[in-house]
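Q: Could you put together the complete structure from these sequences and hints?
Protein chains in written order, with the numbering used here: chain A, 1 to 206; chain B, 1 to 349.
Hints in this document: simulated from the structure, not taken from any laboratory.
All clues given are correct.
With a Cα cut of at most 25 Å, we get these calculated DSS-like pairs of lysine-lysine:
| # | chain 1 | residue 1 | chain 2 | residue 2 |
| --- | --- | --- | --- | --- |
| 1 | B | K250 | B | K262 |
| 2 | B | K340 | B | K196 |
| 3 | B | K340 | A | K148 |
| 4 | B | K340 | A | K63 |
The chain contents come next:
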Amino acid sequence: MNTLGSVLAWIAEHGYEFVLAGLVVTLCVRDPRKRRAVVRILLIFGCIVVGAIFLAAAYGKMKPLPGFPWSWASIRTSISFFAIQVESYQVLSPRAANTVAHLLPFAELFLGLWLVSGIGRRFSSLLASLAICGFMIAITSAYFRGLKIDCGCGIGPPEEVGPAALMRDGFRFLLPALLVTIGAFWIRRRPSRTAAASPDSLSPDS
Amino acid sequence: MASKRAFCRRCRLPCGFGVVSDNSRRTRLLLPASYFPCCSFGVPHSRRGDCGRDSRYNDLDVFDSRVGEAELNPEFHRSLSAERSYVCAGWRRKAAASIAASVLALVIGSPAYSQTTSAQPKTSTPAKTAKPAGTAAKPATAPPRTASAAAPVKAYGSSSAPITMEVFSDYECPVCRTLFETTLRQMIPDYVASGKVYLVHRDYPLPMHKYGYEAARWLNASARVGEFQNAEAALYDNQEAWAADGNISKYIAGAMPPGSFKRVQKLMQGCGTGTTAENRPAGLVNVAQASAGCAMDSYIEQDRALGERVPVHATPTYVITFKGQRLPPGSGVVSWPILKQFFDSLLSQ
Chain A
1 MNTLGSVLAW
11 IAEHGYEFVL
21 AGLVVTLCVR
31 DPRKRRAVVR
41 ILLIFGCIVV
51 GAIFLAAAYG
61 KMKPLPGFPW
71 SWASIRTSIS
81 FFAIQVESYQ
91 VLSPRAANTV
101 AHLLPFAELF
111 LGLWLVSGIG
121 RRFSSLLASL
131 AICGFMIAIT
141 SAYFRGLKID
151 CGCGIGPPEE
161 VGPAALMRDG
171 FRFLLPALLV
181 TIGAFWIRRR
191 PSRTAAASPD
201 SLSPDS
Chain B
1 MASKRAFCRR
11 CRLPCGFGVV
21 SDNSRRTRLL
31 LPASYFPCCS
41 FGVPHSRRGD
51 CGRDSRYNDL
61 DVFDSRVGEA
71 ELNPEFHRSL
81 SAERSYVCAG
91 WRRKAAASIA
101 ASVLALVIGS
111 PAYSQTTSAQ
121 PKTSTPAKTA
131 KPAGTAAKPA
141 TAPPRTASAA
151 APVKAYGSSS
161 APITMEVFSD
171 YECPVCRTLF
181 ETTLRQMIPD
191 YVASGKVYLV
201 HRDYPLPMHK
211 YGYEAARWLN
221 ASARVGEFQN
231 AEAALYDNQE
241 AWAADGNISK
251 YIAGAMPPGS
261 FKRVQKLMQG
271 CGTGTTAENR
281 PAGLVNVAQA
291 SAGCAMDSYI
301 EQDRALGERV
311 PVHATPTYVI
321 TFKGQRLPPG
331 SGVVSWPILK
341 QFFDSLLSQ
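A: Structure below.
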């Protein structure tokens, strides 16, 4: 389980480099049909990267605290600890923070699996982008309110809210999610022109 | 073969190279490559003069190879060579810009990552917590002690409790007061009194607070005479008052019997008043130097040294240790119901 967590964390932290490389490759492909094919392939990898971000975040929130074995009780303890971090943002009431802390890891787990599955890519990636945007807004709000708290990202070491956390989350999490979202919508909005067109679209010569 | 000029299906504009079509099945099959020259492959009309011509090359090449030159506009052929160099230049500009943007993103993103990774060993290093002297025998799994044996007891409850909560705070910090008033006050008669939690106070006076350091001195002196709990409650209850005029001794005196206060005053001799954390006597930089001045300063510096190892970025910061296993530190205010739920969860392990 720890190996899986390490792999997910690695993909979450370095996946954006592959997504950026994919963007460059896409822009370098001159042939539009080849470009579409490239985007299709890259979308699969992009969804895996963004999915890994959410799975790593869920893993980070649910993994047992240091010294505890994997068990349902230790997962509950970790989620209770996460509730403290949610409340430290001072946005939600204790009850709401507790509810969010108990739902968010499972929502992230679901979204991560949804993204990796590739089903309804437009909606899953859009939801992922919105979720990351919301998280970044919360970090920004905490920073401007002068709170010096752990961001509670669940990925990587604990990090205090601030410009560094925003930059990291912006490049590592939001950028891949937005690119995947744009790619997913781009593919759907531009159906292949290689199919035969109907002759009625010919305009009479004037 | 009837000649018809093809129009872009999207924009209804005539195609740039005037495809001739006989509307036969053969041509229809070839239409995808030649039928949308203006809009094909995502090139917007506004950019037809730029790389949009690239698409037309592709169309033309395909069309040319499969249909024949009779169906092509020869005029377009003549301009091919001139356009090709222009298109290539535009394409190269695009590629160069995208590569430059990606490199920039990687360069900007890397410092943030290196910052987080460099912080990892700092945070993962277990900070040794000082155990107050004169307490009961500590469990075998308790963290090693680093403070001197003379350090005063600034704690509530039994040190043999399964959960130890160390709170790094500044007595002049309003958030620390909120934590004490709303959370710790409820916790002390409940979980501390029942032996579930051992609550330890650590001094971490911040430079921004004028009387924070002096308050910490008074509290350490009060702890030396065994009046820490009353003195702490008195200081937090009257924080606004003494933070305005700096008259801390008034509230310390009211929190303990006169005899105890006289002992506290004796301990505070030579400590001075109104000393901020930034302007400590004799320019204290370490515990050894602190011991040379006011005796209470050494205890404060010991706590600060512990806090820097956590590390403490803000007050209040709390470190929870469960059965000798130190958990990640938290900071800010946490409500008692949430903290209680966490403690219950820990105790159920």
